[in-house]
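Here is how the chains run, residue by residue.
Number of protein chains: 2
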Amino acid sequence: MLSPLDALVVVLVRPRNPLNIGAAARAMSNFGIHRLRLVNPYAVAFREAHSAVGAARLLNTAEEFGSLAEAVVDCTLVIGTTAVGNRALYHPLRQLDSETGCTIRDQLKAGRVALLFGSEKIGLTNDDFSHCHWLLSIPTHAHHISMNLGQAVAVCLYEIACGKSRGEIGAAQLPSTTPDTASATAGEAEQITEALLEALHKSGYVKPGNDAVTEKKVRSLMLRLNLRAADAKVLLGMVRQIVWKLRRAAKEKD
Amino acid sequence: MLSPLDALVVVLVRPRNPLNIGAAARAMSNFGIHRLRLVNPYAVAFREAHSAVGAARLLNTAEEFGSLAEAVVDCTLVIGTTAVGNRALYHPLRQLDSETGCTIRDQLKAGRVALLFGSEKIGLTNDDFSHCHWLLSIPTHAHHISMNLGQAVAVCLYEIACGKSRGEIGAAQLPSTTPDTASATAGEAEQITEALLEALHKSGYVKPGNDAVTEKKVRSLMLRLNLRAADAKVLLGMVRQIVWKLRRAAKEKD
Chain A
1 MLSPLDALVV VLVRPRNPLN IGAAARAMSN FGIHRLRLVN PYAVAFREAH SAVGAARLLN
61 TAEEFGSLAE AVVDCTLVIG TTAVGNRALY HPLRQLDSET GCTIRDQLKA GRVALLFGSE
121 KIGLTNDDFS HCHWLLSIPT HAHHISMNLG QAVAVCLYEI ACGKSRGEIG AAQLPSTTPD
181 TASATAGEAE QITEALLEAL HKSGYVKPGN DAVTEKKVRS LMLRLNLRAA DAKVLLGMVR
241 QIVWKLRRAA KEKD
Chain B
1001 MLSPLDALVV VLVRPRNPLN IGAAARAMSN FGIHRLRLVN PYAVAFREAH SAVGAARLLN
1061 TAEEFGSLAE AVVDCTLVIG TTAVGNRALY HPLRQLDSET GCTIRDQLKA GRVALLFGSE
1121 KIGLTNDDFS HCHWLLSIPT HAHHISMNLG QAVAVCLYEI ACGKSRGEIG AAQLPSTTPD
1181 TASATAGEAE QITEALLEAL HKSGYVKPGN DAVTEKKVRS LMLRLNLRAA DAKVLLGMVR
1241 QIVWKLRRAA KEKD
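In the order they appear, the protein sequences are chains A and B.
Under my numbering, the first residue of the first sequence carries the number 1, and numbering increases by one thereafter.
Under my numbering, the first residue of the second sequence carries the number 1001, and numbering increases by one thereafter.
Honestly, the hints are just simulated from the structure, not real lab data.
Quantities reported herein were computed from a predicted structural model and do not represent experimental measurements.
Mixed in with the good hints there might be a few duds.
[Unchecked claim] Think about it this way: if two alpha-carbon atoms lie no more than 27 Å apart in a straight line, the pair counts; the simulated DSS-like pairs of lysine-lysine are:
no., chain 1, residue 1, chain 2, residue 2
1, A, LYS253, B, LYS1202
2, B, LYS1207, A, LYS207
3, B, LYS1251, A, LYS233
[Claimed, not checked] Just a few of them, taken from the derived set where beta-carbon distance is under 8 Å, the chain A residues facing chain B:
no., residue
4, SER29
5, VAL53
6, PHE65
7, GLN241
Ideal Cβ placement from N, Cα and C applies to all residues, glycine included.
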């Protein structure tokens, strides 16, 4: 029988230290989580990391991706972890606690959830954030907010895997998700982003030199919409029809 | 002002790897806990451990003891951590969870509490257990119960330092609302609906006789998106630019 935790995907984005990758794998194994994905890992020798005590098989089956978009394409919820600090954030931010643990466990019943951890030095970038539905922060002490990667993974997975359900902590249980309200995957949202970007280019919305900024803006907007799978399909159809018309108009003009 | 967490003492019993001692110190610092005691540490060079990122002062003030009895002499509650496994235990055993976190926080108001972690190889011995009031186990997966020392310290301190008090458990979580997350009004959503409908008409998406159906479809889609006010403004700007381009293309064709 599949556990909802099988739908949890840990994504390490540009990790540098094989020891930390191994430590993350060990913590995953400790809490019964098996899907590890790496985006552009710095060291290629991570699969032999000694720190992955008891988790060698998990490291061996870890998947590598060239971009974050590819690594989360099948996920319906993408959560970026951050120490916050002094950065201005334009994403919804939640603290790790028992309620947030419940929310994530509820989402795991509906689809794959990606939990992103950035590199040891700088964490996740604003570009990485643009792929996230919301951000998660561990409530560390104000004077020392930055956690070791392996320890941050352990703490997050402990809360997600071991936390009590809403019923057990006294709050009302959320209704289970029905097929009609299934969430769109990050890949489906990305298809709309791409089509909308083409429409915005063709209509002159994107000013020269502003491509990268607009791309991030559109991608984050699409994720904030928390589209249902069915709505994503409808919206993609609409935007693609508009793109088709804009292309034809451009051709006719030539 | 002293926080109850000042009464928490982390005791590492016969730790072998300076990296793990440093990692434990870093996790302590992350969660605002400052009293580290070591019983017969194997390596004397632990005070320079590179893994104690941001916690060098904590390592420098760590106290060393020749016996566990001396290390816990001033504590009113002594808790031994264990992975359990196949050992027969004659002590009360509790799982780490929000209730146990509450219990420990309550005790911290009354006196010092020692949290013991054994050596990396064999954990705490039965002799060590004899100094404990009760034992604590992290609810890891049955197939892989043994955690890395630094990660086990991080998970325990997270639950103790960040857990909610009994009164707070089950209370509704307030999302961290900023002015940016204000919801769009129905009127703002309707402006987008109107602009999008015009774009859909001009691009041939709306089939003859299908106006009313499409209009309802687009309007309910916009409302389901639960747009924020700021996002509604951005989306309206995008769609209006596309409409402007489609109008111009139609004019040029005439």
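Status of the hints after comparison with the structure:
1. Distance check on the hinted pair: LYS253 of chain A and LYS1202 of chain B sit about 17 Å apart at the alpha-carbon level, within 27 Å; holds.
2. Restraint check: the Cα-Cα separation between LYS1207 of chain B and LYS207 of chain A comes to about 33 Å, which exceeds 27 Å; the hinted pair is violated.
3. In summary, the hint linking LYS1251 of chain B to LYS233 of chain A is not supported, as the alpha carbons are separated by about 31 Å, beyond the 27 Å threshold.
4. Because the smallest distance between the Cβ of SER29 of chain A and any Cβ of chain B comes to about 4 Å, under 8 Å, the interface hint for this residue holds.
5. Annotation: interface hint on VAL53 of chain A holds; nearest CB of chain B at approximately 7 Å, less than 8 Å.
6. Restraint check, PHE65 of chain A versus chain B: the minimum CB separation of about 25 Å is more than 8 Å; hint violated.
7. About 4 Å separates the beta-carbon of GLN241 of chain A from the nearest beta-carbon of chain B, less than 8 Å, and the hint is met.
The structure does not agree with the numbered hints 2, 3 and 6 stated previously, though it agrees with the rest.
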